[in-house]
Structure formats: C-alpha cells, structure tokens
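Engineer: Sequence:
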Amino acid sequence: MNQERLTKVLVAPIVSEKATLIAERRNQIAFRVLQDATRLEVKAAVEMLFKVEVESVNILNQKGKAKRFGRFNGRRRHVRKAYVCLKAGQELNFAEAR
1 MNQERLTKVL VAPIVSEKAT LIAERRNQIA FRVLQDATRL EVKAAVEMLF
51 KVEVESVNIL NQKGKAKRFG RFNGRRRHVR KAYVCLKAGQ ELNFAEAR
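According to the numbering used here, the sequence shown is numbered sequentially starting from 1.
Bear in mind the hints are in silico, worked out from the structure with no lab data behind them. A couple of the hints might just be wrong.
[Unchecked claim] Okay, derived cross-link-like pairs now, DSS-like style, lysine-lysine, Cα gap no bigger than 25 Å in a straight line:
id: 1; residue 1: K43; residue 2: K81
id: 2; residue 1: K65; residue 2: K43
id: 3; residue 1: K81; residue 2: K51
id: 4; residue 1: K43; residue 2: K67
[Said to hold, decoys possible] What follows is a set of in silico ranges between Cβ atoms, one per label pair, in the way DEER data are often shown:
id: 5; residue 1: N2; residue 2: G70; range: 19 to 29 Å
id: 6; residue 1: I59; residue 2: E91; range: 14 to 24 Å
id: 7; residue 1: Q90; residue 2: I59; range: 18 to 28 Å
Where a beta carbon is used, it is the ideal one built from N, C-alpha and C, also for glycine.
All chains should be modelled from the sequences, with the hints used to inform the complete structure.
Structural biologist: Written as structure tokens, this is what we have:
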C-alpha cells in the first residue's frame with residue numbers, strides 16, 4: 001500500500017453523540033472512509049497518521065435516505081463508515097496528527 005493512497009482513505013472523523021459514547025465505552029473511533037477502502041487500508045492509515053496501534057476495524061455501508069426537496073425526489077449520499085478499535089492503553093489525539 002502506498003503512502004498517497006493511505007492519506008486519502010480516511011475522509012473525516014465522525015463527531016456525534018453516538019460516536020463519542022462509543023469512544024468512551026469501547027475505545028473505538030468512528031471515521032468516514034472511501035467507498036472502496038478495505039479493513040487493512042483503514043488500519044494502516046490510522047496507524048500511519050496517528051501513530052497508534054489498532055486492534056480491529058469494523059466497516060459498514062450506510063445507504064442514503066430517500067428525501068423530497070419540494071416537488072423533487074432526491075437521495076442523500078451513501079456513506080461507508082469504519083469503527084476502529086484501539087489496543088488497550090492507546091489514545092488517539094486529532095491535534096497531533098501528521
């Protein structure tokens with residue numbers, strides 16, 4: 001896996017009440033990732049960018065909701081999420097990344 005690809009795999013961290021709760025209870029961090037990202041790529045990207053050890057990675061695909069915009073039918077984007085479980089004693093700090 002090349003360095004350029006790994007820097008593009010992680011799109012953004014997910015900041016929500018659910019993601020914060022999971023981070024506190026299970027030591028997991030949630031990220032939006034590219035649609036074609038694999039578990040191994042996500043693991044390597046997190047370890048490279050944040051200098052932490054990753055225990056496991058769970059990936060899910062969330063289908064976009066069908067919505068109406070006035071008289072037009074539309075759809076929100078499909079999202080691929082990765083829940084990254086850090087090893088015991090590891091902590092991820094977004095301020096020290098890169």
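Engineer: Which numbered hints does this structure break?
Structural biologist: As far as the earlier hints go, 2, 4 and 5 are violated by this structure, in ascending order.
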